[in-house]
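Protein chains in written order, with our numbering: chain A, 1 to 342; chain B, 1 to 342; chain C, 1 to 342; chain D, 1 to 342.
What the hints contain is simulated information worked out from the structure, not anything from laboratory work. Any given hint could be a false lead.
Repeated chains share a single entry, so a pair holds when one copy, or any two copies, can fit it.
Said to hold, decoys possible - Simulated crosslink set (DSS-like; lysine-lysine; CA at most 25 Å straight-line): (1) 208 to 249; (2) 265 to 29; (3) 188 to 57; (4) 265 to 57; (5) 188 to 38; (6) 226 to 208; (7) 208 to 111.
4 protein chains.
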Amino acid sequence: MTQNIAILGASGYTGAELVRLIATHPSMKIVALSGDRKAGMAMAEVFPHLRHLDLPKLTTIDEIDFATIDLAFAALPHAMSQEMINGLPKTLKVVDLSADFRLRDPAAYEKWYGKAHAAVEMQKEAVYGLTEFYRDDIRSARLVAGTGCNAAAVQFALRPLIEAALIDLDDIICDLKNGASGAGRSLKENMLFSERSEDAMAYSAGGKHRHLGEFDQEFSKLAGRKVEIMFTPHLIPVNRGILASCYVKGDAEAIHAALAARYEKEPFIVTLPYGQTPGIGHVQGSNFCHIGVVGDRVAGRAMVVSAIDNLNKGSSGQAIQNANLMLGLDETSGLMLAPVFP
Amino acid sequence: MTQNIAILGASGYTGAELVRLIATHPSMKIVALSGDRKAGMAMAEVFPHLRHLDLPKLTTIDEIDFATIDLAFAALPHAMSQEMINGLPKTLKVVDLSADFRLRDPAAYEKWYGKAHAAVEMQKEAVYGLTEFYRDDIRSARLVAGTGCNAAAVQFALRPLIEAALIDLDDIICDLKNGASGAGRSLKENMLFSERSEDAMAYSAGGKHRHLGEFDQEFSKLAGRKVEIMFTPHLIPVNRGILASCYVKGDAEAIHAALAARYEKEPFIVTLPYGQTPGIGHVQGSNFCHIGVVGDRVAGRAMVVSAIDNLNKGSSGQAIQNANLMLGLDETSGLMLAPVFP
Amino acid sequence: MTQNIAILGASGYTGAELVRLIATHPSMKIVALSGDRKAGMAMAEVFPHLRHLDLPKLTTIDEIDFATIDLAFAALPHAMSQEMINGLPKTLKVVDLSADFRLRDPAAYEKWYGKAHAAVEMQKEAVYGLTEFYRDDIRSARLVAGTGCNAAAVQFALRPLIEAALIDLDDIICDLKNGASGAGRSLKENMLFSERSEDAMAYSAGGKHRHLGEFDQEFSKLAGRKVEIMFTPHLIPVNRGILASCYVKGDAEAIHAALAARYEKEPFIVTLPYGQTPGIGHVQGSNFCHIGVVGDRVAGRAMVVSAIDNLNKGSSGQAIQNANLMLGLDETSGLMLAPVFP
Amino acid sequence: MTQNIAILGASGYTGAELVRLIATHPSMKIVALSGDRKAGMAMAEVFPHLRHLDLPKLTTIDEIDFATIDLAFAALPHAMSQEMINGLPKTLKVVDLSADFRLRDPAAYEKWYGKAHAAVEMQKEAVYGLTEFYRDDIRSARLVAGTGCNAAAVQFALRPLIEAALIDLDDIICDLKNGASGAGRSLKENMLFSERSEDAMAYSAGGKHRHLGEFDQEFSKLAGRKVEIMFTPHLIPVNRGILASCYVKGDAEAIHAALAARYEKEPFIVTLPYGQTPGIGHVQGSNFCHIGVVGDRVAGRAMVVSAIDNLNKGSSGQAIQNANLMLGLDETSGLMLAPVFP
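Okay, chain A solo, but in the shape it has when bound:
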């Protein structure tokens, strides 16, 4: 049975990626697209690469009749999302791609996002959308909070290791290399082609990045104690992709074995043979995550590297994977597209 889908905030990159993926999804049909500043425009004007599709025009959110909608994806800016979703029918299934419902604790939200949450009750209700680890909760959830893209990449690499106490919890260093699309389509001088091309630099260095709120919440819960990792993203000149190089203390082969075992049956998580590491180019355009483990010459040290596409597995692909579960569809439906290389 076809599910009627609305995408709120369809004029950004994650919105476009949702449309791209749903375009070949066998059971979803887009019946409403909102984009406040571009309301009235055809999607083809905003994203010419979607021109071949027969899509509804962009409208304001108010114009959408949610009675006809089975599930809404909210790809709205942070902070705006909680207010919008709070105003939707309380029976509507929602997958939120913003940061607004990722943190369970209102105080943690306020710490990382600098203001009080405007929908605290919903914040508590929301399920954290890391599918491979919250699958059952997501299946029965009404509101799922998509994870941060960096948060997804790093958790795939580390969760089984933290859970099994295979690594030193006080010495986890994650150095990420990030594609430019993660910054979205908004206008910032440092995101111009001429600024980003032929450059690489750290950003939000020193433990300032908001995805740390997710790491603290999830890793501390898993470990049953406070865990604080070092995490530094770096902008590199690729469009899509996150390569997370995680430096840990532990036995490299045991680490590899734990990851391989944990992900053996996961359809989207691929553990590489021991000693190999993944590349961004091997997952671009797809919902796959590749993970590799290498032992260091220094005994007891290892590097765990994961690669995802930030717009897909890190955001819109994950959102559809969750929506599939919420709608009773096959979890992989519409998501088996192979990576695009070169």
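With chain A fixed as given, assemble chains B, C and D onto it according to the hints.
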């Protein structure tokens, strides 16, 4: 019913693109992959982005039992292809992605490729694989010759105009901007990242590019007289894509109208609104072709611009489109993947 | 003797390029930098790559004491430039990098720039800054108007051919491939990294680009009759550089000979051996222009290709070359930096 | 007085960078260029961006009359370099850019390079070419061994901290982002544009990279005890540049103060204000190194980030800086070229 597919020469970029597309094709199954120099290797070793797929190992061509194959794609190097295909069972359906069977005339082949053709009978039998213009012949063909990627991009822009005599046949200038994947995976100094990045330059300038053989054949046949275009490709630092800027003499609005009418029902060819031109980024990763027309300030001059993905619509996507026809499948089967942007 | 230099509008890319070049210029010293929106900031904050230099802070233009200045470079936005320059002391030597003083005819200015010129007298006084062709006028000029970057690239390729009537004046087609820095540092959605990377597309197609005003003026003057070329720039994903592919009708070898003769003694213009074409990567970061000529297989047709760095030879390098002449310095002073490859 | 310079192995990227820099060096003149496989060719054929220079043809090394040479740069492949240099007159000043003379200990050489050293006596005589730390030795040296490019980037970040015992010597993790030119001009499938563009991946992971030999030698000597860092380079799609993100345990402000003090008078090393980190784009094309320090939210942790151009400060610029000292010239001579941005 599932069709059993063999890919000969699967270790190059067009081979990998065939695998990527067939991975989500509802009616094709890859049962054999050859790659002489890499025979014995798993596809995941040669192309890690295909690691999630359950694929046969690379073998030599000799190891393939063609009795079990419904259709073979030959993604072999030029010149080698004709010999290999000549040695296959004469009943086997074959889509050849090389240049070997594009030209009908043995003399023309010898002129452009510098040696006599080794399978002249088959050369005559082969159908030129520009689907939108040879659809009926392809449906009943046993051997289809995939077009050159540049040849496809330019013909989509110009065929309806030449056929309808809407443009001056003696003044057609085509300036192409080409992604690096068109050069394949073979090792050439000028294709290193450091040489191609931050550069743009013409190649095969002065009427030396072999795809001119296809233009001469097709355009002269269409026009019923000799037509020789100027055609110059330029390497630009993108992975995939061809942007063909065609400068013609004729009435721009009539040109636009003719293209819009001709492609109105084509599933993969999109004519943009008059005055708009396409971008490579709007077709990357897909089997779509976008075409735009702009009139010049100089009366009687127009620019027709087409954009395709060279590995997809320009090669492997086209090949599957043709195979769909040859196998009695829906022509668009497996090919409606939306472009990947950004 | 050291010349005191002011740069008005130093917070854009051409301003930064002026500073970069003057940093190793033996006879120029920067004593004032203006940048209205960034007044009060250190140049190192606006352009960290210039951090090693001892530079004055950015100020407003009003704060500059022009009595101490030998020459001012105006790297201001179009339209603003004419007003600012009109307000400067009439004895001050000025090299303007904007479009404001390129066109001699007020009507032409109004046609291409959509408003009446605000300093018509100065417009008449200004000398067109294409150094190699206006050298003597520039030497004694007070106000020199830097050319458009595209205008420079194409004129180097075509002026000697138009002047010597070696090509058909009614059939000149120029297809340009342009780096992103030509769009400056201002915020535009289509100039974001994610939009420009992996893309190529025409812009200002159909004879709408403002540099056509310069071509019309200069080529018509040279030919003694009206000359209107077709000229279409295309954005490609490189930072710097213009590759101008000019399709002309004429004898290719005669064309090559004329260019080689004309530029034999020019320090910055290099004519390649016949049959070779230049690449952007071979002039990036420098004040050099490479020009190549190839004859087509179609008799009487040729391609002339020129390559320059738009920020350097196309703008700031040209400006310094002109300033050298105006200040009585060696024309090449500070400009012999070799291209940066790879 | 002009110094006569020979460049051995001038057909690679570091050779070309030497020529580029010497082109505007006030006291050096290139009188001989060797390139065995390209002997007989003009430099303009091998590197068209150097076409404007009046350079000797490429010859074999045997053809060079070393009696006329004041200093030779050897930009030869590893292993070949030691044999070639061993055969040169023992009075000739030589700056070697290969890895052959970096390690003092023959056993360490054999460990990292897999074969016995062929010129052990010279190996002992050679001075390690990290100018800022071996300045006096270099001034009187006959043979200087250029450092590895990664080795330079990391040592600038860490040497003052190791020397002053400001960081935990057992917990140093260096994650590098590297431009493609570091791999040289040799043909490797993984260095093709289509493979490197839109990708990022670790290489020589797990403590296998040969530059570790330099780190072990230098850091252990500095600390007076064995020091083994974790060091992992990652290929990113930029031409030039290394960004070294070094994760250390220590007091961030003390670390910053130590670096700022140490480099205050160094002409090429710039310490950024506390809390800022550098970008590759801010040093590209130059001999500068930018270093930044950020304290982490986890107390006692800091990140020290350095950025250099691998071909310039990491190789050819460093080589000229050393040559300047060896020849009694001003150390900065010819090297004050500002970075090229954008």
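Structure-based check of each hint:
{"no.": "1", "hint": "208 to 249", "result": "both (24 Å within a copy, 18 Å between copies)"}
{"no.": "2", "hint": "265 to 29", "result": "between (29 Å within a copy, 22 Å between copies)"}
{"no.": "3", "hint": "188 to 57", "result": "between (27 Å within a copy, 24 Å between copies)"}
{"no.": "4", "hint": "265 to 57", "result": "between (40 Å within a copy, 22 Å between copies)"}
{"no.": "5", "hint": "188 to 38", "result": "both (19 Å within a copy, 16 Å between copies)"}
{"no.": "6", "hint": "226 to 208", "result": "within (18 Å within a copy, 34 Å between copies)"}
{"no.": "7", "hint": "208 to 111", "result": "within (11 Å within a copy, 41 Å between copies)"}
Going through the hint list in order, the structure satisfies each hint without exception.
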